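K.L.:
Each chain, letter by letter, is given below.
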Amino acid sequence: METQATRDAYGKALVELGRLHEDIVVLDADLSKSTKTAEFARAFPERFFNAGIAEQNMMGMAAGLAAAGKKVFASSFAVFATGRAFEQVRNSIAYGNLNVKICATHSGITVGEDGGSHQSVEDIALMRSIPNMCVVVPADGPSVRKALFSLYAREGPAYLRLGRPSVPVIYGEDSDFEVGKGIELKNGRDASLIACGIMVNEALRAAEVLAAEGIDVSVIDMHTIKPIDKGLIVKKARETGAILCLEEHTVLGGLGSAVCEVVCEYCPVPVRRIGLNDVFGQSGSPDELLQHYGLTVDHIVQNIRSLVKNR
Amino acid sequence: MREINEKSLSIVKEKALIMRREVIKMLGEAGSGHTGGSLSPADIVSCLYFWEMNIDAERPDWENRDRFVLSKGHAAPLLYAALAEKGFFPREWLSTLRKIGSPLQGHPDMRKLPGVEASTGSLGQGISWAVGMALAGKIDKRDYRVYVLLGDGEIQEGMVWEAVMAAAHYKLDNLMAFVDYNGLQIDGKIKEVMSPEPIADKFRAFGWEVLQIDGHDYQQIIASLNIGREVKGRPTVAVARTVKGKGCSFIENQVDWHGRAPNKEEVEKALAELQAEQDAAEIKR
Ligand SMILES: Cc1ncc(C[n+]2csc(CCOP(=O)(O)OP(=O)(O)O)c2C)c(N)n1
Ligand SMILES: [Mg+2]
Numbered sequence: 001m002e003t004q005a006t007r008d009a010y011g012k013a014l015v016e017l018g019r020l021h022e023d024i025v026v027l028d029a030d031l032s033k034s035t036k037t038a039e040f041a042r043a044f045p046e047r048f049f050n051a052g053i054a055e056q057n058m059m060g061m062a063a064g065l066a067a068a069g070k071k072v073f074a075s076s077f078a079v080f081a082t083g084r085a086f087e088q089v090r091n092s093i094a095y096g097n098l099n100v101k102i103c104a105t106h107s108g109i110t111v112g113e114d115g116g117s118h119q120s121v122e123d124i125a126l127m128r129s130i131p132n133m134c135v136v137v138p139a140d141g142p143s144v145r146k147a148l149f150s151l152y153a154r155e156g157p158a159y160l161r162l163g164r165p166s167v168p169v170i171y172g173e174d175s176d177f178e179v180g181k182g183i184e185l186k187n188g189r190d191a192s193l194i195a196c197g198i199m200v201n202e203a204l205r206a207a208e209v210l211a212a213e214g215i216d217v218s219v220i221d222m223h224t225i226k227p228i229d230k231g232l233i234v235k236k237a238r239e240t241g242a243i244l245c246l247e248e249h250t251v252l253g254g255l256g257s258a259v260c261e262v263v264c265e266y267c268p269v270p271v272r273r274i275g276l277n278d279v280f281g282q283s284g285s286p287d288e289l290l291q292h293y294g295l296t297v298d299h300i301v302q303n304i305r306s307l308v309k310n311r
Numbered sequence: 312m313r314e315i316n317e318k319s320l321s322i323v324k325e326k327a328l329i330m331r332r333e334v335i336k337m338l339g340e341a342g343s344g345h346t347g348g349s350l351s352p353a354d355i356v357s358c359l360y361f362w363e364m365n366i367d368a369e370r371p372d373w374e375n376r377d378r379f380v381l382s383k384g385h386a387a388p389l390l391y392a393a394l395a396e397k398g399f400f401p402r403e404w405l406s407t408l409r410k411i412g413s414p415l416q417g418h419p420d421m422r423k424l425p426g427v428e429a430s431t432g433s434l435g436q437g438i439s440w441a442v443g444m445a446l447a448g449k450i451d452k453r454d455y456r457v458y459v460l461l462g463d464g465e466i467q468e469g470m471v472w473e474a475v476m477a478a479a480h481y482k483l484d485n486l487m488a489f490v491d492y493n494g495l496q497i498d499g500k501i502k503e504v505m506s507p508e509p510i511a512d513k514f515r516a517f518g519w520e521v522l523q524i525d526g527h528d529y530q531q532i533i534a535s536l537n538i539g540r541e542v543k544g545r546p547t548v549a550v551a552r553t554v555k556g557k558g559c560s561f562i563e564n565q566v567d568w569h570g571r572a573p574n575k576e577e578v579e580k581a582l583a584e585l586q587a588e589q590d591a592a593e594i595k596r
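Those protein sequence lines, which keep their order, are chains A and B. Heads up: the first sequence begins at 1 in the numbering used here, then just goes up one per residue. Heads up: the second sequence begins at 312 in the numbering used here, then just goes up one per residue.
In case anyone wonders, no lab produced these hints; they're calculated from the structure. Computed from a predicted model, the values in this text were never measured in an experiment. Any given hint might turn out to be false.
[Said to hold, decoys possible] Simulated crosslink set (DSSO-like; lysine-lysine; CA at most 30 Å straight-line):
id : chain 1 : residue 1 : chain 2 : residue 2
1  : B       : K502      : A       : K12
2  : A       : K33       : B       : K410
3  : A       : K309      : A       : K186
4  : B       : K500      : A       : K70
5  : B       : K500      : A       : K12
6  : A       : K71       : B       : K336
7  : A       : K33       : B       : K336
Throw the hints in and build the complete structure from the sequences for me.
P.N.:
Dropping the structure here:
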């Protein structure tokens, strides 16, 4: 299976986009080799600015650049971009609905060995809570490219959540990725798996295991957490009557919460959430950590079995 | 003024070499981590742990202990080597660095490992923490001292200067900072990425006692510690010129060695160089 890190896809797509649009300016905070904005810096040195280790100032500068007509892409690790600079993102960027796209890498526990201080498990919740902010969590490289092009064209601030390790490529060039529209990768009637980011591929694998047991599940790639695709969630709730949400993030305030909000209000059915259960991450290899925190095919399969049985 | 004698000096030197070796071994075993920045401040950290600080491994929670905050938390391997050498935990733990379940997290975790004073890793935050600890010492009229180690890239964080302002404002003469002035950060030379210069003048303007030293010269480090103790009414900083990766020729001053660990061959090579340095030191003695 072909694999690619979403941050690598970001680095490449950013250069492509930079070639098409002269109004793009890219900022980083001393992590350009890791976030891959270094590729843009090499191609367009006059439109790249390193803020140094100063994320708050980077976000403030991004707001000013955007207010002066630039389309700004600002990168750092997710924990610093959304955590350290939260209030600059809120008041300087989002309050004025400015064109700053926060493209953060090293999200979630698959950061691995650096440990809990560097593993953002709350960034989706933080960004989702800010008015005007659009939140996209792509599952693979090709999705990143499409997301980046769409976000460029979309007015206002956005948060693009990217990862460190290589992940399987799920989509071809011709996928129909549209911000705000979930993708139905598999249509089954017994339950629905709604996932984002690296958990989409785990959902697909779990669906195969379940199919072998005669359980027929739907798999949804809910890459846009905000604005969330209400129509698709309600449709799947009606059709399958049970939902399991999957995310590499705390279960408080992320994708699972967003799905629950829609389901409770429009079509109550049982929902379960797999994610981090209100704990910090720790050092370890990405695979060990995914195991440790239950972000695995096994855990998905067990949950679906009991969801379907208890219905 | 405590003058250092030959014997104490040789201990400090020897411990620095031991720690550098442990750093290389640990990182080699872990397969990831920050090599350059763990080696550059080894001489400063050795002087703190094996000469200056009043600490007791038997009582990591002792209220009157001096405190060390590793604000540049990515140099965790160096801190762990110092704590193990001091006896805060068994040396065997060092080989678990960065592994799942280990108390030796990629960045220091105060709730997992005895002797770690502050959970750091997010740059800039350790110095504010140290200011808080120094302030608590003043409130409680305790005479412990607080030491904090900053990176020269780290001081680009705005909050560092907020902390520097607060420390002077509260006249925290029980606080001493070291800047590991190795000239490099991740994306290149600090002067090219985002210059924090002139560093000494900035601290001076904020009201600190400022010393400029060679961070690999033990006499100068010890002298700065002595001055730090004497200065009253304001905090002291030693801006310490260092070589990133110090002690291993192929790692020294290489920006790419910021965030990579040595492979097997490189571990051997580095250990051999450090051993040669040790042998030379012994012959001199
Ligand atoms: C707030 C924050 N932003 C970014 C990082 C990522 N980071 C880790 S080390 C480093 C460079 C540090 O440079 P410097 O302070 O000079 O350290 P040294 O050269 O001593 O290793 C960066 C940007 C971080 N740990 N924390
Ligand atoms: Mg440095």
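K.L.:
If a hint holds in the structure, say so; if it doesn't, say that too.
P.N.:
We went through each hint and held it up to the structure:
no. : hint            : result
1   : B/K502 - A/K12  : 28 Å, holds
2   : A/K33 - B/K410  : 24 Å, holds
3   : A/K309 - A/K186 : 21 Å, holds
4   : B/K500 - A/K70  : 28 Å, holds
5   : B/K500 - A/K12  : 25 Å, holds
6   : A/K71 - B/K336  : 46 Å, violated
7   : A/K33 - B/K336  : 26 Å, holds
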